[in-house]
Amino acid sequence: MRRALVTGITGQDGSYLTEWLCARGYEVIGMVRTEGTPPDGVRYVRGDLLDPASLRAAVLDARPDELYHLAAPTFVPASWEDPAGTMQAIAGATATLLAAAAVAPRPPRVFVATSSEIFGDAGESPQREDSPMRPRSPYGVAKLAAHGLVGTLRSRGLHAGAGITFNHESPRRPERFLPRKVTRGAAAIKLGLQDELVLGDLSAVRDWCHARDVMRGAWLMLQQDEPADYVLAGGVARTVGELADAAFACVGLRAEDHVRVDPAFVRPPEATPPVGDPSRARERLGWETETSFEAMIEEMVRADLDRLRAG
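The opening position of the sequence shown corresponds to residue 0 in numbering that gives the first Met the number 0, with each subsequent residue numbered one higher.
Worth flagging that the hints you see were computed from the coordinates, not collected in a lab. For every residue, glycine included, the Cβ atom is placed at its ideal position computed from N, Cα and C. Check the hints yourself; a few may be wrong.
So the derived label-pair ranges between C-beta atoms look like this [unchecked claim]: (1) ARG281 <-> VAL260: 35 to 45 Å; (2) GLY285 <-> ARG155: 20 to 30 Å; (3) GLU225 <-> VAL265: 39 to 49 Å; (4) GLY122 <-> VAL197: 44 to 54 Å; (5) GLU123 <-> LEU59: 34 to 44 Å; (6) GLY310 <-> GLY122: 24 to 34 Å; (7) ARG253 <-> SER154: 47 to 57 Å.
Make a model of the complete structure from these sequences and hints.
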């Protein structure tokens with residue numbers, strides 16, 4: 000039985016990855032900051048991103064065949080409030096885990112989730128693994144440092160790869176993220192619980208796909224003989240307006256009748272739209288998204304309807 004250590008196991012990505020691994024007979028060990036009751040087939044070890052000793056101990060305790068490092072602050076705007084803490088939680092924790100893996104008696108294969116934020120003003124879109132990396136936020140800078148560390152340890156013999164993940168969503172995504180704000184808003188308006196949905200720039204572009212697909216890509220990366228970095232993305236540019244249209248269509252409404260644009264929420268336009276080119280993953284891993292954008296949004300809206308009806 001193969002053993003996997005998953006950081007960030009209680010989050011959106013970690014929960015989908017855990018389901019995927021358990022279905023394939025893995026022993027799954029989740030790294031958590033505080034004690035809790037793990038899902039069936041999972042056990043927890045303690046580890047804190049800001050406590051290097053606890054991270055090293057978690058790797059030593061788990062003795063994994065595969066290590067999936069998903070844990071990190073995920074809300075980009077918050078990184079401006081604590082740039083130093085963001086660097087430690089992302090780059091520092093990644094450095095510690097990679098080093099612990101490298102010196103383990105039986106080094107595990109390592110997946111590190113980086114982010115499309117490493118590209119920033121890349122000057123080209125869509126972005127590939129070799130596109131220029133010019134991050135625009137402390138979060139992006141920290142993720143770029145983590146990305147570089149993966150390559151450095153790989154050059155020293157560790158089987159490690161960075162998954163450059165673009166926006167990926169699901170019903171498990173927290174409501175502070177735009178897609179959940181939209182799907183919950185559409186559901187609430189359908190049920191008569193709110194009158195309108197206030198958004199910013201409807202022309203802003205993103206590349207959205209399902210978190211379940213991205214985690215399947217993470218697993219495929221560690222099944223390869225040769226480690227490498229991969230863009231994990233849907234590869235399709237869509238606007239916030241299209242996202243709203245899809246969500247409201249799920250409940251038989253028109254977004255234009257219920258969405259109000261507040262100029263206070265409008266950010267300066269991005270010079271480079273964050274859209275990924277997953278060609279390498281498609282060609283080398285045989286990976287592609289299985290859940291369509293429309294099906295993903297419908298799944299999210301239906302889940303929000305159920306939550307709101309349940310109170």
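We went through each hint and held it up to the structure:
{"no.": "1", "hint": "ARG281 <-> VAL260: 35 to 45 Å", "result": "holds (36 Å)"}
{"no.": "2", "hint": "GLY285 <-> ARG155: 20 to 30 Å", "result": "holds (28 Å)"}
{"no.": "3", "hint": "GLU225 <-> VAL265: 39 to 49 Å", "result": "holds (44 Å)"}
{"no.": "4", "hint": "GLY122 <-> VAL197: 44 to 54 Å", "result": "violated (33 Å)"}
{"no.": "5", "hint": "GLU123 <-> LEU59: 34 to 44 Å", "result": "holds (42 Å)"}
{"no.": "6", "hint": "GLY310 <-> GLY122: 24 to 34 Å", "result": "violated (49 Å)"}
{"no.": "7", "hint": "ARG253 <-> SER154: 47 to 57 Å", "result": "holds (54 Å)"}
Checked against the numbered hints above, the structure breaks hints 4, 6 and satisfies the rest.
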